[in-house]
Amino acid sequence: MPPSADRSVASPVLRVDRVACTAHGVCASLLPGSIRLDEWGYPIVVAPRIDEEVARTAIRLCPARALYLAQR
Amino acid sequence: MTRTDTLADVLDAAGLAGRGGAAFSTATKVRAARASHAELIVNACDGEIGAAKDGWVVEHHLSELVHGATLLAAGRRRGVLFAAHRGSRTAQLLSAAGLDVLEAPPRYVSSEESALVSLAGGGLARPMTKRVPVVTGGRDSRGARIRPTLVLNAETVWRVAQIAERGAAWFRSYGTPTEPGPRLVSVSGYVATPGVLETQAGVPIRSLLDAAGGRHPGAPAVLVGGLGGAFLSPDEAGRLQWSRESLATVGAAVGPGVLTVLDPWTCPLDVVGQLLRYAAGESAGQCGPCMFGLPAVAREWDDVVLRPSRAGEDRVRRRVELLPDRGACRFPDGVGRFTASALRVFGAHLSLHAGGACGYPSRRSESRAAVG
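Residue numbers (my numbering), protein chains in the order written: chain W, 1 to 72; chain P, 1 to 372.
The shape of chain P in the complex, shown without the other chains:
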């Protein structure tokens, strides 16, 4: 048995799943990478809105991160690439440590797995169609060969080093049987002390928010997973746990480990509108359903906020239904999930708008103008 086989077996026993959002079995990816002699990219981009944990790993556990990458790259000659956004502090730290940095442009989709592979291969940092998983290579849409590449999230690679050092049983002493291991969560937005927390699956979300100094009592919602995630109502944020099972009950997921507490003074419908317009601008413009679909969703959203109606909500829903599984990457899927959850959590507030009674300070001058 080779060293890499042993490593994959330990990762299997530990039950490590990728921490970039997809939660795919790391052992399975590592075995596939070995079979295809794949190169390694460590993704430290923190591409999701509110994400900060991969930069935190680089800042606080760089030697373990590099050790994990070395274990994963065993037996291969080419250097490991560490991906970070161009001009970011993370990129500076990686460069200063003498590592090979793959500098991705600071755009939402540029840190997606296949976008990094495209960038590493001399192309643009745009997602590629994955007719086969990038870990096995395959060809891009123009028929050019894709170099087989193992792309792992920085936290995942750090966990690999920890598991190799401390063993699968140590790893499984954290979390739950289905989601084992210590894990990082970035908490941002309207909390007293935003930052990265070391935690595990199964803890109350409330405890994570409390550890970040507590959420503002007037916060209209908590966003889990950024632009590819879902909103929780204040009640849900108070009673759900940080786990796949618990979050799934409201259509949310652990994703890349991000919690964002919304601004208590700004109408959340406007926040959603801003984020949807941002999303529309972040489409790489490659796939029709995304490049036309996201601006259409943003437009329909603004429309239903301006003139709330059941028919308007249905128009948004129909747009959202056309997003999943129709892009080279999962960006449109994520924005669809985000929008559907906004309708779910802010539906009641939308009804208030229909009566001209928003109540958030950000809109007060406007409603006065409307009344007067």
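Okay, chain W solo, but in the shape it has when bound:
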């Protein structure tokens, strides 16, 4: 199955484990179109549906391991 068709079926969204998140802000630097930070540095996910491969990089680089993909 081509990747685009695959995405349209699964269509995961980027989510933040709020208990794990300690406001490093790495996600906002890596995903400026999807995440901005509030005044305390905690992420605001403005566009949760993003390219899965790009998301995986951010997930891997989050120092708190707080990013994950979910079905909704």
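Bear in mind the hints are in silico, worked out from the structure with no lab data behind them.
Please note: incorrect hints may appear among the correct ones.
So, partial list: chain W residues that the calculated Cβ filter (under 8 Å) puts toward chain P [to be verified]:
no. : residue
1   : D17
2   : A20
3   : C21
4   : W40
5   : I44
6   : I59
7   : A70
Ideal Cβ positions, reconstructed from N, Cα and C, are used throughout, including at glycine.
Given the coordinates of chain W, work out where chain P should sit on it, guided by the hints.
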């Protein structure tokens, strides 16, 4: 077909939705619980402000409640846990009946579904991030395994027993097609006889308040759903119905079934301020947007009450917009809804404050001092 399958099918036919606030399909949860061999926690905490109905179920229908739990736990060896606040009358009644009681600390978020699962697993009674629903288990934020657990509200479990006994058609003879079944509502605050009422969706809210002895005519508003709910103006409380559709027209919801009539002698803006400060203190302090966001909302609220202005109201609104979907649980979402509705219902009164004319007895001495 197993017994549990049959039970889930009957619950599906009855259209039972959870009575703890989220109104999620009980049949769907029960099927998921069966697939993951989940354990059962019956939540009788009445965690919302003004809630009393789950304690009422324990007090008046304990044998049916236990029967419902037994039906839901069919085929599993481990015991069912009954959650209640530590030191509460409900906890005493459950213990006296020889049931396994999960005693939750009397804090606002400690009776949230995943907080009870954490407590049952030997952890603190604090909400967990639900990367997957707790009914299927998954892992917590530190990677520890979560035991799959079916958490159902006590009223829901009592309804399960009733449906198993009397059938789906009986259940659907109450309420509306979209919100079927008999249901409980706790009425508190400034009514003559606060208590728990047996009612159904679709009835006028006015009739519920009347059944509790009638609201005080000077009450500035009626709060639906406590700290996670929304205010109704006296006019709205007089004309809306107890249903999802009717309440949704003003941004409110049936939630955990709580009506609170506000004090006629106290400025409602101060009541909101008190509740917001309480909310800020009830954050479990785990999620940044909640632990910093709730005190900020409380601060901005006090500020706009002290110095009413359009800009101040906008600051509160901007804070509120940053609360939803940014916590492990829905506590910040609820406080956001509560605050937004306070602005909506008490906006006109806020304008009176801007002119120095509150009028509520609780503030009279203060305005005299300001004038004199």
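Results for each hint:
Interface restraint check: D17/W against chain P, minimum CB-CB distance 4 Å, threshold 8 Å, status holds. The restraint placing A20/W at the interface with chain P holds, with a minimum CB-CB distance near 4 Å, inside the 8 Å limit. Contact between C21/W and chain P, as hinted, is supported at the beta carbon level, the nearest pair being about 6 Å apart and thus within 8 Å. Taking 8 Å as the C-beta contact cut-off toward chain P, the hint placing W40/W at the interface holds, the least distance being around 5 Å.
Contact between I44/W and chain P, as hinted, is supported at the beta carbon level, the nearest pair being about 7 Å apart and thus within 8 Å. Nearest Cβ of chain P to the Cβ of I59/W: about 12 Å, over the 8 Å cut. The hint is violated. Taking 8 Å as the C-beta cut-off, the interface hint given for A70/W holds, the closest approach to chain P being about 7 Å.
Consistency with the previously given hints fails for number 6 only.
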